[in-house]
Amino acid sequence: MSIRVNPGFIKELTKYGAREWNACFHCGNCTAVCSLTERGILFPRKEIRAIQMGLTEKLASSPEPWLCYYCGDCSENCPRDANPGEIMMSLRRYLTSIYDWTGMAARLYKSYAAHLWFMIFLFLAVIAAFVVFSRIPDSPEVKLNTFAPVHIISLLDHILLIFLGSFLITNIINMYVKIIIKDKTVKIPVWLYFKEAWNAIFQFATQWNITKCQRNNWYWFGHWFLFTGYILMFVMVIFFLDWFQTEEIHPFYHPQRILGYYVTAGFLFATIYFMIGRYRKKKEIFKYSHHSDWIFVVLLFLLAFTGIFIHIFRVNGMALPTYYAYVLHLAVEVPMVVTFVAFSKWSHLAYRPLAIYFAHLKKSARALQEKNKIEFVTQ
Amino acid sequence: MEESRIGIYVCWCGTNIAKMVDVETVAKEIEKMENVVIARDYKYMCSDPGQDLIINDIKEHNLNRIVVAACSPRIHELTFKNALKNAGLNPYLFEMANIREQVSWVHTDREEATKKAMDLVRAAVVRVNFHEPLDKLSVDVDPATLIIGGGIAGMSATLMIANAGKKVFLIEKNKELGGNLVNIDLTFPHMDSVQQLLQPKIQKIKDHPNIELFLETEIKEIVGYVGNFETKITTYEGKEKELKFGNIIVATGLKLFDPSKIANYGYAKLPNVVTSLEFEKMLLSGIIHKENGNEPKNVAIIHCVGSRNEEYHGYCSRTCCMTALKYANQVRSALPDSNIFDIYADMRAFGKGYEEFYTATSKRDIMFLMFDQKNDLPIIRKAGAKDKCDMIIEMNEKLSGESIEVPADLVILMTAMEAYDNAKDIAHTVGISMCGNDFYIEKHPKLDPVATTTDGVYIVGSCQGPKDITDSISQAWAASARILAAISTGRVDVEVTTAKVNEDVCCGCQTCIMVCPYSAISFDKEKNVSIVNEILCKGCGTCGSACPTGAIRCRHFTDKQILSQIEGLMMTSVQKLEIIEEA
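Keeping their order, the protein sequence lines are chains A and B. Take 22 as the starting number for the first sequence in the numbering used here and just add one per residue. Take 3 as the starting number for the second sequence in the numbering used here and just add one per residue.
It cannot be assumed that every hint is accurate.
Stated by the list, open to error - Computed from the model, here is a short list of chain A residues facing chain B with C-beta under 7 Å: (1) SER23; (2) PRO28; (3) ILE252.
As the list claims (entries may be wrong) - Result set (EDC-like, lysine to aspartate or glutamate): computed pairs, CA atoms no more than 16 Å apart in a straight line: (4) B/LYS257 - B/ASP423; (5) A/LYS32 - B/ASP423; (6) A/LYS79 - B/GLU407; (7) B/LYS448 - B/ASP473; (8) B/LYS354 - B/GLU232; (9) B/LYS365 - A/ASP178; (10) B/LYS117 - B/GLU31; (11) B/LYS365 - A/ASP102; (12) B/LYS299 - B/GLU404; (13) B/LYS384 - B/ASP260; (14) A/LYS303 - A/ASP159; (15) B/LYS169 - B/GLU232; (16) A/LYS205 - B/GLU404; (17) B/LYS87 - B/GLU31; (18) A/LYS32 - B/ASP339; (19) B/LYS283 - B/GLU293; (20) A/LYS79 - B/GLU404; (21) B/LYS384 - B/ASP374.
Stated by the list, open to error - Looking from chain A toward chain B, a few residues come up when the C-beta cut is under 7 Å (computed): (22) HIS47; (23) LYS308; (24) VAL319.
Note that these hints are calculated values from the structure, not bench results. Glycine residues also receive a C-beta, built at the ideal position from the N, C-alpha and C atoms.
The shape of chain B in the complex, shown without the other chains (with noise of 0.2 Å):
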């Protein structure tokens, strides 16, 4: 092994890091360790300046491995490991010492701060020695797509990628496209007709000859990986189908909370409480009407229902808010005389023109009241023969601070959204991972937000969260720009941090096999060994740690170079590095 020669790069992050951590310390204490040539702090690592910084010394010293101190790896450890690749320098001889996240941004101490820092940045130094040059891996791409999900997302990604010239198989569970805009009426704030937006967009897909659409029809299985995955599906019609893709869109979307679970509400119980999908229904059939037929004289709009309280789902469902104050319009152009109540808990007015929507609607004498959606929902209960009205909404209103008494005929309750049921078996058959309330996770809710952490699987829509057609159609064609870009270049790079099975010392108990997450290890029955399949392989170590005769080495996590990195944890000063054995 050439010896090494590392640079190492303290990052000051404006104030960030320097407050808390003294960086000059730092960069001064490390640069007395074993192999260290050149030791520097500098005011943004991340910036131009400080990646030529890395890229000149480098070449100017020589160097062979390089140490970040900066923030966490998930944010900038692309970004050094591409100044590294810039100066000629294999990508994979270089680590980070998390010192922002894990030092200055949670602790007061600036002493015992720089202390916990120098100790991060010694245990890289002593790791970084022991790092590999590893090549990158590419693998050729399907040029056809799998959409799961017949809703505005699927089909406009679907539209997106068939009119680039790309094949797509769209698979939809129900019998006909459009999800759950085909009840819905209007748009907010703008107030078009869905149905002339929807329907265009659904003829083009039938008609489009690079689209394949499998209505009624589930998907159970797919085996492989980014750019060659493949599945047998079962048509309607009872065929049997083998589709080859290289990318998948799940956009499989939501659907609507049942109130008759909150029972405050009496929903299904008193007749003329409906759900805002069944108001939908009742304005595309072009009457607002009671059950027995009647006008309603007091409408009455009851936002959050089964929304941001604990005890149904914690989240916003973002577009009851708007929809709710679309209803507010179109029942106040429906009948001008009625009483209009919009029951709420927030206004929640965050998109471009909602604001406008909502200060406009504000002004069409509709009473707004406000109610704690957390602790002290509304109760309807049946109204008096005094009344004159049908039923009576009882509530605690906050802005004022009274109990009061609001007389409806018709509530709409703007029910929450939520996953479906089969959200998990969806999820567990593309191979992605769901957040606490069953909608799928992204790779990185900033900076990737259309991906997974399964390369070549996108989440696209409201499956990833409740949302409004524009964001379902802006996700949409993100992941389709995303899977264009990769088919275009044909081959897509896959990590190549990942297991590899000593075949001397496997034993065959395949163990392994039945650890890993991924589906990535089969066995050879021949050799009788474990092999990995580097593709599918994502690096977890699972099988490395449970390998009971040592015999899987994880790439770039090999037991050497993390025995090293505690060691220098662990060690108290600049000590002489003790050379460890591999196990």
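The shape of chain A in the complex, shown without the other chains (with noise of 0.2 Å):
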């Protein structure tokens, strides 16, 4: 079966960040230097050949460039500066536009004013919906319970968790089918399922493929510490609110604070070196800034700071800068949480482990097919 090539895909992929690609004249170097690639998992080079062809089927049925951290050493080896890494990226982010079924993901990603208006109209929306439903209380103490009572706040939480959730798992559902189901030329057997599994769930736990790649482990670090930060958040967010938004101000050793500080310190560390590193570009993985890298650290950054706050005036009963910090909080985290966990950058926590998980299974079932072959050949 002969595929087409589309000459005016490359187009499209710009959009999305991609640079130099037509620099490339596949060396080869970059697969070489790559610390990730393994036989049977093989990139940038095939991948920025799949772009240059315009082979989007191809594209679409890879799962290698969400198996790459990123860390610019094909950039770095590349002899034409053709910039595999910064290909690969915008890779990721063509790749979630296709997953998503919505269009929202491609219209966010391609276009920093959508982006950016849909985030400042959501956060103006929070702030409208407290001023027109919330009452500040008349207590000189702090009442956050009153001014947000928790199980209206959990309440809508679950909401949007319903809402979004749905979207990223029939993204996640739409990305199977397109790597794994719409790939003809690979067959998975169903205990492969099981044997591949705790490869994917390691690797989404610790993100050790970085360590291998990204020579700083303080990228690693400041990585992993925002990742279980943001999950323990998510965690407490969702499943125990009330038992983390309280009225009762616990002694700093209790683990409701020791918890929110650890969130906290994971996320001031890992945005404000990922802030420096993206001012700087020093390092290859911070050179080239999309709008949605920008967006997203600062938006987190802001997400910590203003939690900072809340709390610094929660415990020293400061009703009204509580509730105004409350607010604020809120405000940014809306549009962070809609604009980024199916749409954008921060589904990426989903993608990357499942991606890890789907290229293995191909990669063993590949090797077994070949087997197969052999023996078959052999009787």
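Given two chains presented individually in distinct reference frames, assemble the corresponding complex, making use of the accompanying hints.
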């Protein structure tokens, strides 16, 4: 079966940040120096070839772009300065957009203005909602649960979770269909799904592959600290909000406060590390910043920042500032969550471990097929 | 005959020889041989100190024969002969043993290699005993030059020699000067107008007082030798003319391969598959169009059409890669919205500015697709109704490993370049040789790239192999400089290792005349003997071996010399040499 080449595709990918794609003349240095490629899982040269030729179906079915943690070895060793690292990054943005059946991701990625206006709209909507529905309690003491009753916030959280979760899950199903079902060259036996699962879980929990790739382990630490902080926050907000958002001020060694500090520290450390990096542009990973990269780190930073203020005001019994900080905190969080979780950068939290899972499924299945073929021939 | 006093010099060639041959042992062993006065080994014999060693020994030890055991005589024989000359010794009293190409480079057993080296040196030593001093011969040079071919190479050479004040006869078989360039639009990589470069040159040639131009004329026969050639031509008006000249430049160029020989590409069957030259004409006309006059949406360029494929031509045609990039640029400029596909085998960007040209072109939104030019050529077929294009190119793309379809409305075939069908006739006329693919062969691929084995005949431009304008002009000027140097000297040396007929023994059978490849032997009817023209004779020895009466003696390759060399080769150790009587 011949595939028709598509010369127009590259114009599309350029909108996701791909640059210098045409400089690549396929020496293969990038694949050779990459510490994460292995037999059967090769990138980035093959993906760049598919981009140049506009082989969209092949790209849609390849999990490899997600396996890259962007250490930049490939870009540093590229004799033609084709920036394979950044091409892989733009490919992840593109893949996020094609997994997303709503078209929202494509819109947010392709247009800075669209992303910014959408967030400003959500930001103002949250503030407006508080203005309309909330009453500031008369008490001079901090009565956060009167201002924003925990059961209502929790209910809204769950609605948001179901809303965004259904998008993310359908996108993941879409991803599975594109990578596994539509790729007719490989058939995966059911037992392999179990065999390969542990690796995906391990990678999800530790992101251990970054240590193979980033020579600077601070990057891994920042990334992992942020990740664990985020997971903790997610669990607390969704399942234990009434334990987390209390009127009572616990002593500082109380688990509620310790956990809160951990999350905040993770957010601050990672976002400041990333922001300084993106500003200085020294490391390959930070050299080229798409608008989604900047919006993402700035929002995460603001989330931590407003969280700190809520805490300080609350502990010090400053009622009004606490309420304002709380409103701002949610006004930052809602746009962050709505735009990023299912439609932009944050979705890699789900896509990357799944892609690692799928890539290894395909690799093992292909190895089995090869083995069977050889046995068939020798018989 | 005076007593031989032989000096032996064994070269290490750095480690080239020394790593495989025990050069010190060779020198020591050979020193024991009869008549050998001194034997030395040295790191680089060809270096100035190495040559000085020989010169000083000749003077100090009164040597009269020299043997150097080193590389191939093709590389340094002349160097050492000059050293002998500098020391006041006749350069023919010298022999070289090749212990590098024939020993150290081709063997792996050090002991055996050393033995073989000794055998070769012994053979040279025995032979050199019988060398005789020979004197150089020189002839007057006619200052006129004949140039065959009025393309860019021939024209450049013509102008250079004519501007130096010497007469040039320029022969062109077509009606107009300019050769293949007449149909070319732009140069690569600079994208200059070819016609702006070409037309002033043509005008200058037409106006030049030192140039006699013969259009629509072909050369049938040339007689003579370096410095004194002659030919008779018939001009297009039908006039016969006799020309005399001292040197010849062959600049006959090449032609395009016929791509209809490759069925895959459907050339001459599909209307919009064109050759590179046809596309150039389209560019010169100013409009890139399909046969029906419409603008093509998808333009594909296919490289290596007939090149680098043993079924057609094994060699690389050298200019097509950059020409293809030139087309890609021209199409992109003329049709900004078109899709351009460059279907190549390897992008060969070897020249000055070529790699930069490739890089710049690759940024102009051109899809480069790689195919296997040896075993897996693309196939062009008519497109179906749904395809939204006129043709489909089916190919296996090497860099992705995918079987793909490429849409095309216009396909440009980068056709190979090949020698003219009558290349052999011209070679025969001027007395030069051809390599396997009908291009003319140079005297030495590295050290003498424009001369031929026939003295006074030079090859320039693409008759020697596919070439771009720059290289053609470089060669033309190199040959011009060689010829002007010869004219300015007024005389040229000719090789004296020629055949000589012993008239007393010659029976007049004329066998030698039949076998001589250089037509150097004539027959003296009065004396009933053969006579060798020493200037035409190349000393190949064919006549000497064919002569039934042994009347022909080849200087420097006498029976005695050769038999003694064989004798020396067969000596197992140092033994007394039995003098071989000349047969």
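Right, here's what the structure says about each hint:
Using the Cβ-Cβ criterion of 7 Å, the hint placing A/SER23 at the interface with chain B is satisfied: the shortest such distance is roughly 4 Å. A hinted interface residue such as A/PRO28 counts as satisfied when its beta carbon comes closer than 7 Å to some beta carbon of chain B; here the least separation is about 4 Å, so the hint holds. The interface hint given for A/ILE252 is violated, since its Cβ lies 39 Å from the closest Cβ of chain B, which is over the 7 Å cut-off. A hinted pair counts as satisfied when its Cα atoms are at most 16 Å apart, and B/LYS257 with B/ASP423 qualifies at roughly 9 Å.
Among the hinted pairs, A/LYS32 with B/ASP423 is inconsistent with the structure: their alpha-carbon atoms are about 48 Å apart, more than 16 Å. For the proposed pair A/LYS79 and B/GLU407, the alpha carbon gap of about 15 Å is at most 16 Å, so the pair holds. Annotation: proposed proximity of B/LYS448 to B/ASP473 holds, straight-line Cα distance about 15 Å (limit 16 Å). Of the supplied pair hints, the one linking B/LYS354 and B/GLU232 is violated, its CA atoms being roughly 40 Å apart against a limit of 16 Å.
Taken as a hint, the B/LYS365 and A/ASP178 pair is broken in the structure, with Cα atoms around 49 Å apart against an allowance of 16 Å. Straight-line distance between C-alpha atoms of B/LYS117 and B/GLU31 comes to about 10 Å, which keeps the hinted pair within the 16 Å bound. Using a Cα cut-off of 16 Å, the hinted pair B/LYS365 and A/ASP102 holds, with the two alpha carbons roughly 12 Å apart. In summary, the hint linking B/LYS299 to B/GLU404 is not supported, as the alpha carbons are separated by about 24 Å, beyond the 16 Å threshold.
For the hint linking B/LYS384 to B/ASP260, the alpha-carbon distance of about 21 Å lies beyond 16 Å, and the restraint is violated. With a CA separation close to 52 Å, the supplied pair A/LYS303 and A/ASP159 exceeds the 16 Å bound. Among the hinted pairs, B/LYS169 with B/GLU232 is consistent with the structure: their alpha-carbon atoms are about 14 Å apart, no more than 16 Å. Restraint check: the Cα-Cα separation between A/LYS205 and B/GLU404 comes to about 14 Å, which is no more than 16 Å; the hinted pair holds.
Of the pairs offered as hints, the one joining B/LYS87 and B/GLU31 is violated, with about 28 Å between alpha carbons and a cut-off of 16 Å exceeded. Of the pairs offered as hints, the one joining A/LYS32 and B/ASP339 holds, with about 12 Å between alpha carbons and a cut-off of 16 Å not exceeded. Pair hint B/LYS283 plus B/GLU293 holds up; C-alpha atoms about 13 Å apart against a cutoff of 16 Å. Between A/LYS79 and B/GLU404 the alpha-carbon distance is near 10 Å, which keeps this suggested pair within the 16 Å criterion.
Our distance criterion of 16 Å between C-alpha atoms is broken by B/LYS384 and B/ASP374, whose separation comes to about 22 Å. Restraint check, A/HIS47 versus chain B: the minimum CB separation of about 5 Å is within 7 Å; hint holds. Interface hint at A/LYS308: violated, since its Cβ lies 20 Å from the closest Cβ of chain B, which is beyond the 7 Å cut-off. At about 33 Å, the closest approach between the beta carbon of A/VAL319 and any beta carbon in chain B exceeds 7 Å, and the interface hint on this residue is violated.
In this structure, the hints that do not hold are numbers 3, 5, 8, 9, 12, 13, 14, 17, 21, 23, 24, in rising order.
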